[in-house]
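Asker: Residue numbers (full-length UniProt numbering), protein chains in the order written: chain A, 1 to 658; chain B, 1 to 199.
I should point out that these hints are in silico values taken from the structure, not numbers from a laboratory. Beta carbons are placed, not taken as given, at the ideal position from N, Cα and C, and that holds for glycine. Any given hint might turn out to be false.
[Claimed, not checked] Some chain A residues well away from chain B (every beta-carbon gap over 12 Å; in silico):
hint: 1; residue: Asp-279
hint: 2; residue: Lys-538
hint: 3; residue: Lys-541
hint: 4; residue: Ile-559
hint: 5; residue: Ala-597
hint: 6; residue: Arg-624
hint: 7; residue: Glu-631
hint: 8; residue: Glu-642
[Unchecked claim] Using 20 Å as the maximum straight-line C-alpha spacing, the simulated DMTMM-like pairs for lysine to aspartate or glutamate come out as follows:
hint: 9; chain 1: A; residue 1: Lys-538; chain 2: B; residue 2: Asp-95
hint: 10; chain 1: B; residue 1: Lys-172; chain 2: A; residue 2: Asp-542
hint: 11; chain 1: A; residue 1: Lys-594; chain 2: B; residue 2: Glu-103
hint: 12; chain 1: A; residue 1: Lys-538; chain 2: B; residue 2: Glu-60
hint: 13; chain 1: A; residue 1: Lys-538; chain 2: B; residue 2: Asp-189
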Amino acid sequence: ITYLTNLSLSAELLDDILREKPQEADGIDSVVVVDNVPQVGPERLEKLKNVIHKIFSKFGKITTEFYPEADGMTKGYIFLEYAAPTQALEAVKNADGYKLDKQHTFRVNLFTDFDKYMNICDEWEAPEKQPFKDFGNMRHWIEDPDCRDQYSVIYEAGERTAIFSNDAKEPIINEERARWTETYVRWSPKGTYLATFHQRGIALWGGEKFKQIQRFSHQGVSLIDFSPCERYVVTFSPLMDTKEDPQAIIIWDILTGQKKRGFHCESSAHWPIFKWSHDGKFFARMSTDTLSIYETPSMGLLDKKSLKINGIKDFSWSPGDNIIAFWVPEDKDIPARVTLMQMPSRQEIRVRNLFNVVDCKLHWQRNGDYLCVKVDRTPKGTQGVVTNFEIFRMREKQVPVDVVEMKESIIAFAWEPNGSKFAVLHGESPRINASFYHVKNNGKIELIKMFDKQQANSIFWSPQGQFMVLAGLRSMNGALAFVDTSDCTLMNIAEHYMASDVEWDPTGRYVVTSVSWWSHKVDNAYWLWTFQGRLLQKNNKDRFCQLLWRPRPPTLLSIDQIKMIKKDLKKYSKIFEQKDRLSQSKASKELVDKRRAMMEEYRNYREAALQNYQEQKNLRLELRGGVDTDELDSNVDDWEEETIEFFINEEIIPLGDL
Amino acid sequence: IKVFVSTEDNQPYLSIPCSEHKITSAVWGPLGEFVIAGHENGEINQFSAKSGDILKKIKEHTKQINDIQSSVDNTMFITASKDNTAKLFDSTSLDHIKTFRTERPVNSAAISPIMDHVVMGGGQEAMEVTTTSTRIGKFEARFFHAAYEEEFGRVKGHFGPINCVAFHPDGKSYSSGGEDGYVRIHYFDPQYFDFELEV
């Protein structure tokens, strides 16, 4: 700045001038290169420039343009300079891919990008080979000889997290750590990983000793979701979003730890935002009038574009096939519609028109055999809302639909996980009814049974089907009803006062009801029941928060093998019963031994104390002036006996005439 | 703590100030040589009755000690604490002998003069009472076996938290007083004295 020091200028003026000093960097950052521009001769050049100008001045002020020529024609690429780098970026973002005509689709790039790519090292260095981290047998817990399932427990208001193995007698502790997670935990869908939350991201733990398998850095992460195949994990953080680098939602590859792709997210109200297909091949999300479907492992849009579906309100994948169900509400003359679409072909398998629709909810049966669409409608000419269940039979040709009309408002709906029954809670407190329906092969849907006046607001089916628990959680004070739906009998009615959660183990043998500190500040505990409703354990835990069963991976047995085992079940049950009896007697023996030892120890202590006491007798007599206070009747002489008479009853007996 | 000698004037013989953690309960040692005091933070201290110095101190409880009662021969004492447990200690050495666990704060505990039993009463902070079901009747006196630390019986009846329990000196009955304003006196039936946990 030597040229300025000779002049006497005020500070502001200096600033002004300095600001306008041309900076070398500016020029290049604001330049874009446009390829696939038509090659024209001088007679059409003016027209071309006008067209280009019209298109590209939308993004900012074009300060310079350069149309290189060769042999009298333009070369086919041009340089445009904008007033600011941000405008150049806009141009790249919006004009790249612009179709001018059939033969010319613009390719727009920042000039600086060329520089960047030119400067990539010629020498390719092979990435360093990472040493293989052996985490041991990741399925170790499944090999437990007594087939105990594991569950995670968060207690002490979140300070401690423990993993237990479930045994009918009492839980067996596997692992317990302080501050393992900062908020809560999640298991992966096949049970391989335990995910914990931290300010800086999430961590995955697994193997026999729950070592740390992987770490994903995502500042302020609050929600996660796993792909069903356990290959990917999706994290969400409300903090990390910028226009250039969308970071609100990140999809990670679990095995390599790599960030695969980041996405914007407006609101996390309906997590998970991305819904996965059952095999992990696709994931999709909905936005206004759009359904975007992505494929793995490329993480790119299927067919490079989203589906335009006007008014789309909700969608979900079939849990058994790559079929998406979605619905759109009424639009002027067009009735509301539920559509089933096959992926990736986008073929519409079934469309169902619905009339006077207020709202719809999609409920898939766990194997994808049935789809229930709960339709709330206001029939023409009425004010009230009625509900229909439209049952789509997915396994039958052309997907026939049957309708079940419900007279009362619906509180809860749930499919039997691997069967063809569903349960509905309907009505209004205190007249809540539980109805059980069977979707039969002959095209009928039969009401098997209805229980009335139930204290229930939630339905929990056993993951193996047939059995279920109707629960009145929270405000209904923890009323529980255990039902066998093979004949719809109430096996047991019980109560876990103020229960906030019900969780079935993955095998369907046990149910846990719990009172979480997050919803109720006293009596925090989890209780273990058999599937028939027999209470086995009450486990109190200081400020107990959450219990989650560890999911099991799908069985490795073939359907035939399972048939064989069921046939021979009597043989196996004999062996198991004997094993159970043995462990029972071992337990009582252990208890008896323990009690004997405790009593002996206590007796010894009391004998020593008593001896001491005897030896101190003289000291006591001294302290109390010779009065012996050792026994209740030590000083009978001192006692004063008082006899008090008081009136109880008066009875007049006539003695007759004397 | 104020130690009084029974005299005509109401002046304490010795006043032991306690600045840090308020003393919530206290009993005499076996020979009157020290006072055992329980504090707001779960500490237990032995104060000399002559000088007021701390002879021994321990901290086995994690929350406030609500009550301390001695055994009939003063060789041991039981503490009832807000941390949901009651503990048995030796009076002279302050050795921790037994722990009795519940899921509610324990307001009071007592040692039977004739059996290896202890009784505990508690329930809840009086403030939080409305959040519990009175139907369930969590306000029970609970009996534990002193050697096995196992609960073997409960007596219902109070419809408010139990604040105080005590055995009759002859061990044949016990009393409990509660937030509901009632004092209940219970006489044990013959089965109580014959009862034995499976050994």
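Asker: Confirm or reject each hint.
Answerer: Going down the list of hints, with the structure as the test:
For Asp-279 (chain A), the condition that its CB be more than 12 Å from all CB atoms of chain B holds, with the nearest at approximately 46 Å. At the 12 Å boundary, the C-beta of Lys-538 (chain A) falls inside the reach of chain B, the nearest C-beta of that chain being 9 Å off. Lys-541 (chain A), annotated as away from the interface, has a beta carbon of chain B within 12 Å; the closest lies near 9 Å. Every CB of chain B is more than 12 Å from the CB of Ile-559 (chain A) (nearest about 47 Å), matching its label as outside the interface.
Here Ala-597 (chain A) does not stay apart from chain B, with its beta-carbon only about 10 Å from theirs, under the 12 Å limit. For Arg-624 (chain A), the shortest C-beta to C-beta distance to chain B comes to about 9 Å, within the 12 Å cut-off, and the non-interface label is violated. With a closest Cβ-Cβ approach of about 10 Å to chain B, Glu-631 (chain A) is found to fall inside the 12 Å limit, against its non-interface label. Remark: the non-interface label on Glu-642 (chain A) is consistent with the geometry, its nearest Cβ contact in chain B lying 19 Å away (cut-off 12 Å).
The suggested pairing of Lys-538 (chain A) with Asp-95 (chain B) is violated, with an alpha-carbon distance near 31 Å, which exceeds 20 Å. With a CA separation close to 35 Å, the supplied pair Lys-172 (chain B) and Asp-542 (chain A) exceeds the 20 Å bound. For the hint pairing Lys-594 (chain A) with Glu-103 (chain B), the CA-to-CA distance comes to about 23 Å; that exceeds 20 Å, so the pair is violated. Note on Lys-538 (chain A) and Glu-60 (chain B): the hinted pairing is violated, with a Cα-Cα distance of about 25 Å set against a maximum of 20 Å.
A distance of roughly 29 Å separates the Cα atoms of Lys-538 (chain A) and Asp-189 (chain B); the hinted pair therefore is violated under the 20 Å criterion.
Going down the numbered hints, you'll see the structure goes against 2, 3, 5, 6, 7, 9, 10, 11, 12, 13, while the others check out.
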